[in-house]
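Novice: Going down the list, the sequences are from chains W and R. Note that UniProt numbering numbers the first sequence so that position 60 is 60, with each residue one more than the last. Note that UniProt numbering numbers the second sequence so that position 74 is 74, with each residue one more than the last.
Calculated directly from the structure, the hints in this document are not laboratory data. Not one of these hints is a red herring.
A few chain R positions that, by computed beta-carbon distances, are all more than 12 Å from chain W: (1) M1; (2) F3; (3) V4; (4) I7; (5) I10; (6) L34; (7) L49; (8) Q54; (9) P61; (10) P63; (11) Y65.
Straight-line Cα separation of at most 25 Å, DSS-like style, residue types lysine-lysine; simulated pairs: (12) K52(W) - K103(R); (13) K103(R) - K129(W); (14) K221(W) - K24(R).
For glycine and all other residues, C-beta sits at the position ideal for the given N, C-alpha and C.
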Amino acid sequence: MIYCRTDFLHGVGIDIMASQMKTPKDSDKYSVLLPTYNERENLPLIVWLLVKYFSESGNKYEIIIIDDGSPDGTQDIAEHMQKIYGPDIILLRPREKKLGLGTAYIHGMQHASGNFIIIMDADLSHHPKFIPQFIRKQKESGYDIVSGTRYSGSGGVYGWDLRRKLISRGANFITQVLLRPGTSDLTGSFRLYKKEVLQKLIEKCVSKGYVFQMEMIVRAKQLGYSVGEVPISFVDRVYGESKLGGNEIVSFLKGLMTLFATT
Amino acid sequence: MLFVSGIISIRFFHIFLSTFTMTKLMEWLLGLSLIGVLWSIVTFDLLDLRISDQYLQVAWPLPIYLLVAFGCYSLAVVGYRVATFNDCETAAKELQEQIQEAKRDLQKKGLHF
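The following block holds chain W by itself, in its conformation from the complex (with noise of 0.2 Å):
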């Protein structure tokens, strides 16, 4: 009888210890935001290697794109790659006009059907081989946030001449200085966020651009999130178009005088 008894309970334990051990990994859902506007010959390009990477790495994705009227034809190439891929993985969620980042955030993450939210660049100079080592990342601590850092470890630029990287050093340390955010790169766009945890920043967050992406940090490590970096390389195809001007780095400045001041 008592053989019996500690048959049951070693059972028991071990029903116990299997529903312990599953893991949430099964429903993790990762949808990567795509906002575009002009993006037609490298759209196709990047949902390719979004594709290749997620399919490598086994975890289950989405692709939303969000294109503001381009036009070029970027959201007839969008079509395309749906055809293509299929509408489970690749969603359109296009609007009228040019309107903004964080407004481009909130309306893709509203057909959003996963508990993560990935955004980048989709002009190829964020590389989709860098997500499998964000989830990763995520996964070790738990992070709510985890940033690509183009300022430590192995993390770099390519394409960039001496006075760019002179400008972005210099802006990076005056923002380190002033806002102390606890991160190294705090204008990348290239990050994973927790669903709800983006959807609470982007309530509390006011400015625009770059500066946007900014704050979203600042705040976040006022709320107390936890944010994690991955080295990732930027490859800069654009910047020997559009120079880097005097008029940036002032609405940078204000936008940073603004930070300081508010949070």
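Go by the hints and put chain R onto chain W.
Specialist: The following block gives chain R in isolation, referenced to the frame of chain W:
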């Protein structure tokens, strides 16, 4: 009456404290005014501390010294970071190769470039 109003004001103070977070600007202003007060006390002998002359000679130019030191530190750090900024040559090459591969594969799937 006094006791009750005391309790109420303490309650409000606690609520205020729990929702109050200083902005970075306020932290800086607080820090700078603290340093300013300490420096003034020492330099202008506001509290009759009778500090010896050697310490006074170091104390009064200290803010300028610190500012210059910080300036030099900043230049050194930014200079170092620019010099060691990683150039991702291999990443750029790999991207070029993958672009070609992607174009070939997508053409097979029916996309025309």
